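Listed below, chain by chain, are the residues.
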Amino acid sequence: MLKVEDLSKSWKDFSLKRINFEIQKGEYFVILGPSGAGKTLLLEAIAGIFIPDSGRILLNGEDITEKPPEKREIAYIPQNYGLFDHMKVFDNIAYGLKVRKFAREEIRKQVEEIAKALDIKHLLDRKVKNLSAGERQRVAIARAIVISPQVILLDEPFSNLDVNLKNKLLREMKRWRRELNFTAIHVTHSFDEALSLGDKLGIMMNGKMDQVGEVKEVFSKPKTEDIARFLGYENILEGHAEGKILYSENIKIELPQEFYGRVRVMIPPQNILISKNMIFSSARNNFKAIVEEFEDLGALIKLKLRVNGIKLAAHLTKASFVDMGIKEDEEVYVSFKSTAIHVF
Amino acid sequence: MLKVEDLSKSWKDFSLKRINFEIQKGEYFVILGPSGAGKTLLLEAIAGIFIPDSGRILLNGEDITEKPPEKREIAYIPQNYGLFDHMKVFDNIAYGLKVRKFAREEIRKQVEEIAKALDIKHLLDRKVKNLSAGERQRVAIARAIVISPQVILLDEPFSNLDVNLKNKLLREMKRWRRELNFTAIHVTHSFDEALSLGDKLGIMMNGKMDQVGEVKEVFSKPKTEDIARFLGYENILEGHAEGKILYSENIKIELPQEFYGRVRVMIPPQNILISKNMIFSSARNNFKAIVEEFEDLGALIKLKLRVNGIKLAAHLTKASFVDMGIKEDEEVYVSFKSTAIHVF
Amino acid sequence: MKDNFSVFLASLGAFLVAFLIIPIAVTVSTQLFDLNALIKALNDEVVLNSLFNSIFTSTVATLISLVFGVPLGYVLARKNFKGKNFIQAVVDIPVTIPHSVVGIMLLFAYSEAILDNYLGIIAAMLFVSASFTVNSARDGFMSVNEKIEYVARTLGASKVRVFFTISLPLALHSIFTGAIMSWARAISEVGAILIVAYYPKTAQVLVMDYFNNYGLSASRPIAVILILISLVIFVTLRRVAVVKGGGSI
Amino acid sequence: MKDNFSVFLASLGAFLVAFLIIPIAVTVSTQLFDLNALIKALNDEVVLNSLFNSIFTSTVATLISLVFGVPLGYVLARKNFKGKNFIQAVVDIPVTIPHSVVGIMLLFAYSEAILDNYLGIIAAMLFVSASFTVNSARDGFMSVNEKIEYVARTLGASKVRVFFTISLPLALHSIFTGAIMSWARAISEVGAILIVAYYPKTAQVLVMDYFNNYGLSASRPIAVILILISLVIFVTLRRVAVVKGGGSI
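Residue numbers (our numbering), protein chains in the order written: chain W, 1 to 344; chain V, 345 to 688; chain L, 689 to 937; chain C, 938 to 1186.
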């Protein structure tokens, strides 16, 4: 339904480079990428805030690349929602309907309907200024959905929310989607939004859309090492496999099954066991390592280790970290089962 | 050397409540607490920026509670360092020496000496405005240390730095401490700074200093459940132990050894195994659970589970999360070894 | 914490405050001992006409500055173009030109059209006061996030509609504050009006006439009336601006 | 993206810009056809004296506003006290009082002391221009983080030393910008000076004299000189302020 073809645009110090993707009616497309990837700029091009240097945007087959925003039927919800602070909630939601010259009664009916669906009917007479972040988000979504746009563009709709509220709103967003059945492009840097909401996932880095596909497919088969790293895969090693043995730098790693030739593997950091003494266990991969530094991940401590020439990260709890009294530049032993290794 | 006795102060909506602690010469005291705990206000009271409602501050036995800041010999480095933007680096560092009317030559000598120790000698003629965050931090430390204060107060000195720079500066701070041997109170919400630098640790929450002690002691024996939670311990359960069995709510948990009476245990979330089918393993604690929600921790996914009446958190990698295709409201099986349980 | 240095600074400041407030206080309070003269002035048709002229012209000048200055402020806030710095300078320069010179320049430029008529008074007032409206409007529009304007457009609103329903209302507080300053500046003008339009007589020129013809005391009643009118309107409008804007100006 | 509505707004703005620039352009350019008169004026001792008087008095008024207004701005920025709103109003009110009334008030308050002398000119200028310095100083000090002042004190500096080595230098750009505005406002004043101090003759009053006694053309050479002096000093100082502050004003 919406098709973006070879879209490119250069600024002084950044460019969008030949973006391609297509979404179908009713689809929820999540674009995941680090900050600075150009996600917001891509949304702005689709919304019509600027015109690309080259490439086309097609909506139901029609070329809308140079159409002004007010003629596109694409609603845009920027980060922080872009509410009209000088209006009440009702007038915010009614804005697009008033523009379309709906009758007064019809406007009231539609606004109340959508407000009910989004649980904000009690807020209709309130000033926008005094709303909480979660309420603001709902008003923005209501204002966009009420005009039945072809596509809704959402820019980081769950940032600036605390974790509990975010989880709650994520669950509700899923419900709204089912009930209201809209088509959306949702831009985020947060993995759980992609997993919760996305039908399809695009990975965007440095102005390029590097991979587009089913969510599960993208996560299980990241096309490039950069994507794998961005998706949080640590301990990615490349090497030469001969049967069940991978030769990488100066170490030999036992693989879960037989492979031949160049392979890339990932060892989940929390599956790496740390001990002060050499342990003999069922884990077939045992190495001596030096602790280079450690980092507080909030829930865990991440140890950065050096094993011969290779750097590995391992996670452990604060409690065991303190118990073991691990210090920088110390020797520890690492072990991991071959079955813990992901080969991709 | 510095002793804070029963220090209290009320504002409209916050108060510091009877803070007590004492530090010795050369000691590095880290105060750890969430934002809003009153850590900055405590430092400001010690620096003399405001006078407490009650309580005393003693420096080498002398009551300095009402002394103006310029007479305390306590240097204060606020968050974001508080550099004098209109002066060069040299004049920033020299400020305290000029106030003390040192001779020109002596000032130059001392500034160059400290700048050399902190590796910023090449910056002395630079404008402060153009410095990087790491350089700004060093200038602030140099400016404080050069006047040989009795105590240096550091407010979140490593916030707003990216992870790599932070780790580098943490290492260097340890070196500076050894070489320059200063006494410091360092306030932070970040666990790794406490572990890296602290001789002694104070935990501050809601305006109270809840626990003070050796770093290892505080981490292994948190006095209250709030502190345990703040330190990142999840899955804290209370129950009644009879030998090796803990009865908590509606479930029975096998403990690593015998206990009797009320005990509190913690099950590290990454030691909880998740599977779609019941597995029979050496783990003695096996339960059926419902997935309530999940959350992206960056490196990991945190699953929030309900086991009978009890809520448990478990960590797993994104890769295995996607592989297993876990969804909300689904049933999964959890198991954990009794030896993975911390009793405290 | 009281301390000598703060007291010293406050004392220096107090001198200036005293210097500013004494003339107002003395003038108004001495008039209170001669209320008859005040009442007589308030019944004098010449005085009443001149007051009407002052308020009428300064209000019209302010309205004109709004009609033309708000668009100019919008363009300065939103567009980048060659010569923008020059336009900005043109807006700011009138504050630095002596008022008598302003009058002469206006006569040179617009000659008979503005000589001794309402248009002349309004032109003089507009010249010295427009910058306040333009600069406040510019600041007001600059504080409106452009994203919000684009959101309104994706909802179907044309540029014109967005300007009137989004940009203008959001900048209104700043514009209103600037208009108050323009009005105050306009009604305070004397020098340029003396040259351009001695007639129709404005109250501020009438004060000067009375002073020149009958002396200081004769000019006081109308001076006091002007002070009180200016103060009441200025203070009231500022209050309104504060309440409407929900902030301070 | 060009569009009709932006063109319409720009056109409205252009009217105002034209209205402001035409008088300056016409006055200065017509004088270029009579350079002799300009040169003659520049050799006329009466003109030169009056120019000196204008620049001297407006500069002194600005310096006085700095000496007393900067401390006042500091107190308004840093202290909370009862009556602060009143003091702020006293600072702002002079802009709204007609200049002729200002002159009369000053005579009532300070009478003979300021009649027809430098003091009178300076008093009139100070009254109408002080608010710019005070408000800019206040804004400047408000933008200085108080934490930084406290850091300087923990390094051993007294309050006085902190004021002069930290607060004042950091607020200097804003203060300087305000002082330029004060100076511009001072040299532009006419109405109040006409009443308080017709002598010593300032250039802006001399322009008025020439206009009243010899007509429009006779007053033009000195008007042009005043315009050029005001513009050159105003533009130069603003440039300096921008460069020093590293930003725009």
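Keep in mind the hints are simulated off the structure, nothing from the lab. Keep in mind that the hints are not guaranteed to be accurate.
To be clear about the criterion: a stretch of chain V counts as covered by chain C if any three or more of its residues have a C-beta under 8 Å from a C-beta of chain C, and this derived list gives those stretches [said to hold, decoys possible]: (1) 388-398; (2) 601-610.
Below 25 Å or equal to it, Euclidean Cα-Cα: the simulated DMTMM-like pairs (lysine to aspartate or glutamate) are [to be verified]: (3) LYS304(W) / GLU639(V); (4) LYS889(L) / GLU800(L); (5) LYS772(L) / ASP732(L); (6) LYS767(L) / GLU5(W).
Predicted, not measured: the structure shown is a model, and the values here were computed from it. In this text, a Cβ means the ideal position worked out from N, Cα and C, and glycines have one as well.
Structure-based check of all given hints:
| no. | hint | verdict |
| --- | --- | --- |
| 1 | 388-398 | holds (count 4) |
| 2 | 601-610 | violated (count 0) |
| 3 | LYS304(W) / GLU639(V) | 24 Å, holds |
| 4 | LYS889(L) / GLU800(L) | 17 Å, holds |
| 5 | LYS772(L) / ASP732(L) | 49 Å, violated |
| 6 | LYS767(L) / GLU5(W) | 31 Å, violated |
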